[in-house]
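Since the structure of chain A is already known, use the hints to place chain B on it.
Here the protein sequences come in this chain order: A and B. Going by the working numbering, the first sequence opens with residue 9, and the numbers climb by one from there. Going by the working numbering, the second sequence opens with residue 2, and the numbers climb by one from there.
One should not assume that every hint holds.
Here are the computed distance ranges between Cβ atoms for each label pair [what the hints assert, rightly or not]: (1) B:Pro152 <-> A:Glu174: 48 to 56 Å; (2) A:Asp160 <-> B:Ser83: 35 to 43 Å; (3) A:Pro28 <-> B:Asn195: 32 to 40 Å.
Not the full set, but computed from the structure, chain A residues with beta-carbon under 7 Å of chain B [stated by the list, open to error]: (4) Arg111; (5) Lys115; (6) Met120; (7) Ala126; (8) His130; (9) Ile143; (10) Trp167.
So these bits of chain A aren't anywhere near chain B, every CB distance computed over 10 Å [said to hold, decoys possible]: (11) Gln214; (12) Ser300; (13) Ile307.
Everything labelled a hint here was simulated from the structure, so no lab data went into it. Please read all numbers here as calculations on a predicted model, not as lab measurements. Quick reminder that beta carbons are idealized off the backbone N, C-alpha and C, glycines included.
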Amino acid sequence: MIRAENVSKIFGSDPESALPLLKQGKSKDEIREETGQTVGVNNASFDIEPGEVFAIMGLSGCGKSTLIRCVNRIIDPTAGSIFFKDPEHGEQDITTLNAEQLRILRKRHMSMVFQHFALFPHRTVLSNASYGLEIQGRSNDERELRGQQVLDMVGLGQWGHAYPSELSGGMQQRVGLARALATEAEVLLMDEPFSALDPLIKVDMQQELKKIQRELQRTVLFITHDLDEAMRIGDHIAIMEEGRIVQIGSPEQILVNPRTDYVAKFVEHADPTGVITAGTIALPFESDAFESSGERDGIRYSHHRDHPQIRYGRDRDGRLRGVTIDDREVPMQQLEQVLDAAEGAEVSRLRDEVAITCSEETVLRRVLRGRLHSTLPVIVTTGDGRARGLIDDPELINGILEKRGHTA
Amino acid sequence: MGESLEFLRTLMNDPFGFLDIPVRQIITDIVNWIVANFRDFSRTYISPPVRGVMNSVQWALSSIPPGIFLIGIFLLGWWAASWRIAVFSIVSFALIGFMGVWDQMIITLSLVVTAVFFCILFGLPLGILSSRSDRFYAILRPILDIMQTTPPFVYLVPAVMLFSIGNVPGLIATIVFAMPPVIRLTNLGIRQVNSEFIEAAVAFGSSRRQILWKVQFPLALPTIMAGLNQTIMLSLSMVVIAAIIGAGGLGLEVYAGLERLNIGQAFVGGIGIVLLAMVLDRLTQGLGEKAPGVRHKAD
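Next comes chain A alone, as it looks inside the complex (with noise of 0.2 Å):
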């Protein structure tokens, strides 16, 4: 959806003269001092996939707000492209359109948010979320309906004919969201927008966007300088660091195999339970910590070493037939289903003898959470059915605290 190749941004009387030394590779410093010219973003490439979350990370000054601001050329880029599909025109360099054409790209296809709101104080909460509609040029009636539909949308239907500083600041910022929405821009730029907010509205806000970008499927470039809110939102993250991207991945490939020592950094102080997946951290039935313990009506039974007592069957196709410990069968439940039937009761310290099974893409932290249920361990499956390995205790301390996993 929206491609960049080699974005650079140098600020300052001469912006071409540090070009060459940014092809050398230089730094930040190095530049400054020899040019007097400031590296905002220096050869950053990227590719966002329609309808994704791609999440920029970085601390302050890194670029990343210079960064967003070249996508929708508020900020124009020195040099390299920007390429911007739509269905409509196929695909276009943003760096090369007119003014003219710039200011229909931004009514139709990229709408923003920003970190500090930027609502107009001079107009109602309406008049505020249809402003894109009134710049395209609807009419009064289209303008209202669609404004007080993204008003439902977020939560502030009531709202509609207060004014902004009559709001919270979580409040301010749903405006600021149903403004880039009602325009049903394909493309939404959030410029740390939740990051002048409450931790608590914090979290309620990344919620709801989560929830919103189930429904709308917009393709969404969000800028932040927290690696969780990046984790929790991002679909992808590109790490960023004095203009540099430095690594781009899934969270989890950040989180596990951070690139630089300053990626690394980061993560240490990231919370791993709510990235990491169960396929990443179990120990695979393939590996040479299993044993066979035999065959019997076609399935191969196979034990772990430190607990032959306790006997996994799988067919020929791979799939789990069924658990045993000393020979005894064990009920075997899914992960939902456990953790469903338990919300709301009591944890107990008493864990039932059942077999829990969960997929591939489960986050540690509901693994946990299943833990609490069962004093076995926990079996991981593929999509297909297959059964991949198994989460114990030592996978499980593993997951948290050092976030590497097994690789078959």
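For chain B alone, coordinates are given in the frame of chain A:
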């Protein structure tokens, strides 16, 4: 040696003896030239519209029966500001009437309204242009300084020469003197609009014109209203001076009183001007606070 010492002594004692800039003559020549060449122009193209507006305003204001006028001013005060100001306004205007200078007040009010009308007509666009172009404002600024600081007495004579005596030259002098605040504060108000609002407007594809009218202008309105308030005050301060060259109203009352050493008459005119000024000030301030940009800003 002795000769050069002598030269130095003369230089220190009278350094200005060496050069005589004939400014008086130059200015006189310039003014004469302007009067000779633009007299017809100004009397055919500038006087009639100014006089026309003035006469219409005066006709409109004087056709309102004073009793209705008083009720109107009370309601206006209530709507624009508060009931206190409404009471203050009606009492002030009633006092003017009881002092016997109601008709003169109507003339003065017409002069002020006309001057302010032209100040807005030219000042607002100039202020907007200034806010959009640094170069334009750099050129305009010294002109505004000259307009505001040149003592009005200095340009009364050329004004009379161009427009002859009466209300028109008084109005022209008033407009020149009172217009700068509208220009300055329109420029300031628009420039002061927080850049985040501009950025938001740009991000949604607004054109420059849309940004101006949908965002900058409404947000600058409280500042512009403050400029308008100053313009009204400045034009009131000119009414006495304008009376010297034949403008009527309360200013003439003061001027005539002074000429005849009739202190009472002069004071009645003066009090009338002060009351009118205070009412107009409170009303425009009230209006300024009603502007949408200020709304709810307090909390």
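Status of the hints after comparison with the structure:
no., hint, verdict
1, B:Pro152 <-> A:Glu174: 48 to 56 Å, "holds, 50 Å"
2, A:Asp160 <-> B:Ser83: 35 to 43 Å, "holds, 38 Å"
3, A:Pro28 <-> B:Asn195: 32 to 40 Å, "holds, 38 Å"
4, Arg111, "holds, 4 Å"
5, Lys115, "holds, 3 Å"
6, Met120, "holds, 4 Å"
7, Ala126, "holds, 4 Å"
8, His130, "holds, 4 Å"
9, Ile143, "holds, 5 Å"
10, Trp167, "violated, 13 Å"
11, Gln214, "holds, 22 Å"
12, Ser300, "holds, 63 Å"
13, Ile307, "holds, 62 Å"
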